Each structure stands twice: as structure tokens, then as C-alpha cells.
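Model the full assembly from the supplied sequences, consistent with the hints where possible.
Read off the chains here:
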Amino acid sequence: MNHSISLTVNGARRDFVLDDPRVTLLDLLRERLHLTGTKKGCDRGQCGACTILVDGKRINSCLALAISHDGADILTIEGVARGDQLHPVQAAFIAHDGFQCGFCTPGQIMSAIGMMQEAQAGNDPERIRECMSGNLCRCGAYAGIVDAVLEAQAGMDESNQRRSA
Amino acid sequence: MKQFDYVRPATVAEAVAAAAQPGAVYLAAGTNLLDLMKGGVSRPDRLVDVTHLGGLDQIETLADGSLRIGALVSNADLAHDANFAKSYPAVAEALLSGASAQLRNAATVGGNLLQRTRCAYFYDTASRCNKREAGSGCDAREGENRTHAVLGWSESCIATHPSDFCVPLVALDAVVEIEGKTGRREIALEELHRLPGNTPERDSALEAGDLIVAVRLPPAARGFATHARYLKVRERTSYAFAVVSAAAALRIENGKVAEARLALGGVAAKPWRARAAEDVLKGVAPTADAFQEAAWRALTDAKPSGDNAYKIELARRIVVRALTLAAAGTPARIPALPASPFASTSGAIHA
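Protein chains in written order, with our numbering: chain A, 1 to 165; chain B, 166 to 516.
Since the hints were made in silico from the structure, they are not lab data.
Just so you know, these numbers come straight off a predicted model, no measurement behind them.
Mixed in with the good hints there might be a few duds.
To be verified - Straight line, CA to CA, 25 Å or less: simulated DSS-like cross-link-like pairs of lysine-lysine:
#1 B:Lys203 to A:Lys40
#2 B:Lys421 to B:Lys447
#3 A:Lys57 to A:Lys40
#4 B:Lys203 to A:Lys57
#5 B:Lys167 to A:Lys40
#6 A:Lys57 to B:Lys251
Encoded structure:
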């Protein structure tokens, strides 16, 4: 039996006919939309490489059935830059060597963007480490990742202050 | 993953009817179910998706002072609800000590209650497991069992229930609201999960079609807000299941314990309420000696199910620590490393 769903992906509405309900959001993004920035690491919710924002919240796309997310608003790594202008978190990862091989990086960046919106960690490195623990990095670039998140958070705090001043 | 039919009911009544069929299971976020299905551990014929049902995602205070949490409220939304965290701090701390931020954003209250054991032999379909396949045997008995149960286990099954959330909930007398074929009923959370006995394939008291629609905390649960903690020993500081955990909540009046609540996690197939320990604390001063006595009482019936005798002493110590920290007072803010028994030191690397 076919099921029709529609999603908003990186700002554009996309309609799909699913002939199999087993498709995850991860596989839909990669196989149907060819948005391969979202990575398939463990495919079991343990590594965080597949992290995307769904309705503004970071989740593991490998453990989300596409069919259950009819109507959802999805943001992937392909949708965070504005043209050639990197998202501040992307720029901070480059500035602080927040990666080595890069495989976990899209998930790390999406997770960091989601975490900053959750506003639970602030600029406390220990809370950042705790709030980023769902993203594994086998190269061990954690120190650079925390520094990158701290810089991006400081930039966000500064621009919020300017806006409210 | 085995093929399945997908059903999206419009009402709770439709959902119950659809899920009462043999081979049907409910789908909420799917953070545990999809993992199990990918591994061939769960092989449902039909998924009844309840995520689009209305009215199950509210947190509301009832007229009598109870708190009613809809089954579809996410673990993160509940833990980060400021009023909730203030009134039930040990529950919020337990939630934040579980899984990862991504999983907490997706995972629901109802799903957390019904998550399956993390026993490696349950997950490994090449192993014998009485919980996965009734009557097949238990490879955990002679296997790697250092994290398995020390209370309430049987020769059929030594698995533990992995939830952190359920541990303070059971200490606070939470009630589960269930919609079933015969209408609405409610049971104490303590009665929801079953000990294995000879039928470990049945995790809970739920019948076919039963849908958890809400969890309720009674008015008295607020009375412990100023002296409540959850502590969890795990093999890494974050994003790991409990080896042993404890929820401790005290009501202290005039320097004496007016009432104590204590429950343990990671030790049995259900969140383990320690009433004998609560009883010895009633009316006494909150001293180290009293907490030692309580810890001893809590583990009186414990026995190793394999290479896990250490868990009994570990559980005693975590009970003492949790009671000591609860007596010292609930911290103003949940610590950076929720439920960690280790002191938070700025600059330490916990990756």
C-alpha cells in the first residue's frame, strides 16, 4: 500500500509517495533527495552522525520513520549556510579544527545548532560536553568541537545583546 | 527489518481497536522500537502510529494538586519544564541522565515506561532468550552477566529494566492511566512492570490493545521537592544505561525524617521500590548511620545472578550517597552532569 507524505526540507516543500513504510528520515534524505550530508553511522541511534532538526529539535534521523513525520519541517546540514556564507557553527568548527576525517561533522554541527537553541548549556564547557554526548567522534576531535561550540555560543550571545540594546 | 502494515488512527478508540489485533504494536517516537526492529528482535506485523493523536502531549496540574503528564510529552520537554523540574527535581534529573539529547527530544513518556531490556542476549537473535522467545532458554545465565539483576530475578531471566525516569516515578507513587478494550483504567506504576518468574516474555501488566495515555503524580509527590536526588552509576559519565541507580526523596521536619522514599534502578526487571528502607528512616534523624541501615534493608533480599555480586555493595553505597545528597538539599540547578556520583570539576574532560 502506498502512503503519501509531504515534508518541508531546508525551506522547500517536498511531496513523496512511499511504497514501503520502513523508510527512515535518514534514508529518505539520502536516497530520495540525495542530501548525503546527513551521515549513516551506526543506523541504531548510538553515534549521532544522522542528527537533523525536525520542527526545530535535534533528533537521530535513523530512528525516525518518514511516514510518521508527515508535515514535519526538516533542517539538514545542506540548509544551514546562507549561500556562500557559512553558518557561525560551521565557521567555528573550521576555526577550531573541530574535526579530522569529517564523517561525524554534519551531525556534530546540527547537534550544536540544536543545542544552542535549547539554551541549556550556555557557555559552560562541562554542560556543552554533556549536551553533545550523543555525537561520537572516532577521531577524538572533542576538544576542538567544544571550543567551536563555545565560540559560536559567544557569537550568538553577542548578537543577541546587540539586538536587545 | 520485517515488512509491516502502517496504521495511523484518528482517535484513541481507533488506536486501541487497531492495536488489539495479534502482531500489532504501538509506535510513538520509535527510538527503542525501530532499533529492535532493525535487529530483528521485534518483528511486528502492524505498527499503530499514535504520534498524531491529539490531547496526549499536555502537562497539566489537576484540581487536587496532582500532575498529569500526557504519554506523548517528550522526555526533554518534561525535564525542561521549569515548574516540573522545580516540583519533581529527582524526576527531571533522572530524565536528563538518560540517553542523549537527540533521543530525549524524540522519546516519549509512554515509550520510556515501555522500553525493553538492554540485555545483550535479548538483543542478539543468535542467543537463547526466554524474553525474546518464550521457552528458548537464557544464555545470560552462563554468559557476560555483570550488569544483570540482583533482585527479583528467576532462573528464566536475569534481565534488568533500563529506565531512569521510572525510578523516581515509582518512588513518588506515580499512577499510569491506560485506555484499553474495556475502557479507561489506572494502575500504580509499581504494578506496571512484571518480575520474570516463568514468563519473562511478558514485560508488563498491559493486555493486547492497552495504550498508556498519561502518567500521574499524586499531590504528595510535591512534598519532597526540597530534598530529592537521583544518582546513577554508569560505565561512562554520559549517554550510558545505569549499572545501578537510586532515587531518594525525603520530607524533613524539625530535624527528623517525616517520610522517606527510595527506589533503585538497574537491579531488577522493574524499578525497585525499597519500602523496608523507607520504614526504618521514618521519624529518625537523617544521619549516616540511619542511611547505612536503610541501605542494608534495601538490599536484604539481593543475590547475585552471575558475576555481579559487586552490584549489591555498589547499590548499598549509592543508596547511602543518594540519601546523603537528598538530605543536604536539592541543588538550585540540576548539575552539569546529571545524576553523576562524581563531583563536577570544572575543566575535567568527560568525553
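These are the hints, each one checked on the structure:
1. B:Lys203 to A:Lys40: holds (14 Å)
2. B:Lys421 to B:Lys447: This hinted pair holds, its Cα atoms lying about 8 Å apart.
3. A:Lys57 to A:Lys40: holds (19 Å)
4. B:Lys203 to A:Lys57: holds (24 Å)
5. B:Lys167 to A:Lys40: Given pair lysine 167 (chain B), lysine 40 (chain A) holds - Cα atoms ~20 Å apart, limit 25 Å.
6. A:Lys57 to B:Lys251: Between lysine 57 (chain A) and lysine 251 (chain B) the Cα gap is close to 23 Å, so the pair holds against 25 Å.
In summary, this structure violates none of the numbered hints.
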